[in-house]
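Residue numbers (this note's numbering), protein chains in the order written: chain A, 83 to 283; chain B, 6 to 303.
It is possible that some hints are incorrect.
To be verified - Coverage of chain A stretches by chain B, computed from C-beta distances (three or more under 8 Å per stretch; other residues unrestricted):
no.	stretch
1	105-113
2	125-139
3	190-199
4	240-254
None of these hints come from the bench; they were simulated from the model. Ideal placement from N, C-alpha and C gives every residue a C-beta, glycine not left out.
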Amino acid sequence: MKPKLHIGVLALQGAFAAHAEALRKCGAEVRLVRTQEDLSGLHGLVIPGGESTTMSNLLVASGLSEVLKGLCQDGFPMFGTCAGMIMLAETILDGRSDQVSLRVLNIDIRRNGYGRQNDSFEQDISVHSFDTPFHALFIRAPVIEAIGSDVEVLASWGDRPVLVRTANTLACSFHPELVSDLRIHKIFLSIVENFSVTNPR
Amino acid sequence: MATSSTRSVTGSFPVKRGLAEMLKGGVIMDVVTPEQAKIAEDAGACAVMALERVPADIRRDGGVARMSDPEMIQGIQAAVTIPVMAKARIGHFVEAQILQALGVDFIDESEVLTPADEAHHIDKFKFTTPFVCGATNLGEALRRISEGAAMIRSKGEAGTGNVVEAVRHLRSILGDIKKICTADSAELFEWAKRLQAPLSLVQEIAETGQLPVPLFCAGGLATPADAALAMQLGASSVFVGSGIFKSDNPALRAKAIVEATTHFMDADVLARVSTGIGAPMTGIGMDEINQRYAERGW
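Required output: the full structure, derived from the provided sequences and hints.
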């Protein structure tokens with residue numbers, strides 16, 4: 083039997099509990115991460131949706147932002163959804179000037195790019211390599227306005243990418259943790275597995 | 006690759022409940038000006054509640070408390086990037102229509118305002134904007150959910166700076182959920198009858214072990230310790246009303262309450278953030294008030 087993957091879910095604010103449940107259903111060992119100590123022994127980290135300004139404040143206050151930036155430089159696998167994708171982005175548009183991001187994913191992202199809550203929507207989308215559509219919830223979602231040449235688009239809605247990856251980073255503007263379909267979490271776990279084989283901790 | 010077939014849907018229950026999920030582990034702060042909204046956002050609030058007067062002032066001034074001036078709400082919307090909530094009177098569906106037209110992100114059908122209808126709450130399914138409603142017990146919570154509420158908060162006793170009622174309401178709601186989880190299927194009919202709540206929602210609780218929508222805490226929270234108490238009791242987030250801007254140093258207190266809500270299990274962090282933040286609002290005892298807002302709503 084393969085050893086269990088240990089996945090952290092950043093639990094400063096937002097939809098961390100739903101991610102933890104989805105990852106457990108995929109068979110992962112899950113730990114909520116609020117301090118630097120919580121990161122030890124993990125194979126990958128999920129940054130959930132929530133308010134990116136709140137998370138940014140708490141990342142700085144807890145000293146986690148520098149530690150996470152270090153992990154990013156080592157290629158540590160990360161999965162960001164909605165606000166979590168903003169936290170990973172190289173460039174944030176319409177953000178606060180003091181907003182922190184890990185700058186591990188080469189995209190330009192516009193906060194609340196799809197509008198306010200009344201414009202939030204659900205929509206079936208086609209995902210590369212999936213046989214059937216994925217039901218996606220977009221909640222005050224950010225819009226990806228540009229991507230770097232190293233970023234692969236796994237799904238788009240309209241003319242905008244909504245699910246993207248690089249070697250060790252996965253990010254989407256919608257919320258796979260709010261539906262029972264685990265396929266996108268499984269993509270992340272396969273990224274983590276590949277990384278942990280070549281980089282044992 | 007498969008092709009997409011369905012059209013986008015806005016205002017569905019999953020989309021409404023989704024925003025409530027995003028607000029978990031956070032602090033929603035009452036603000037009355039754009040300047041206060043900025044202070045709240047700077048401190049790490051996950052949303053603000055735009056109000057004309059905080060509950061402590063409504064309590065002091067008396068008179069009829071209504072929906073806020075749209076100009077004030079728009080000023081706050083322009084000042085911050087985080088979600089903006091606003092309050093409508095219980096049963097006042099036209100105030101709710103106006104708030105939806107203004108594009109607020111959440112509507113609080115609130116007992117803090119003077120009720121507009123003594124028998125009926127708003128049919129919240131008719132709206133694209135999600136609603137949060139107060140509850141003092143599980144029956145009330147389930148009736149609000151059956152009317153379309155996407156989030157439940159304890160009522161507590163707003164404007165008092167006294168957490169005792171919020172604790173009572175949380176313990177009542179979560180205590181009954183625990184009991185329902187140990188009930189057999191025949192007992193669930195009796196529970197539905199006793200709670201005056203839809204059987205289907207009672208059965209859902211028995212199956213999942215939790216309320217069908219997120220449960221937040223509100224009403225009388227004034228300190229970082231109050232916020233952590235609510236979280237340890239089982240709330241998913243906290244609303245802080247008068248407690249921040251009626252205190253000595255709102256910016257420091259707001260930041261401390263945000264940190265306390267995230268690190269609610271870590272007493273060392275709670276001790277640190279509770280230190281040197283100035284005096285809290287004075288607060289009042291339950292025997293000193295003549296109007297209990299929690300009794301409004303049915």
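These are the hints, each one checked on the structure:
no.: 1; hint: 105-113; result: violated (count 0)
no.: 2; hint: 125-139; result: holds (count 6)
no.: 3; hint: 190-199; result: holds (count 4)
no.: 4; hint: 240-254; result: violated (count 0)
Against the hints set out earlier in the document, violations occur for numbers 1, 4.
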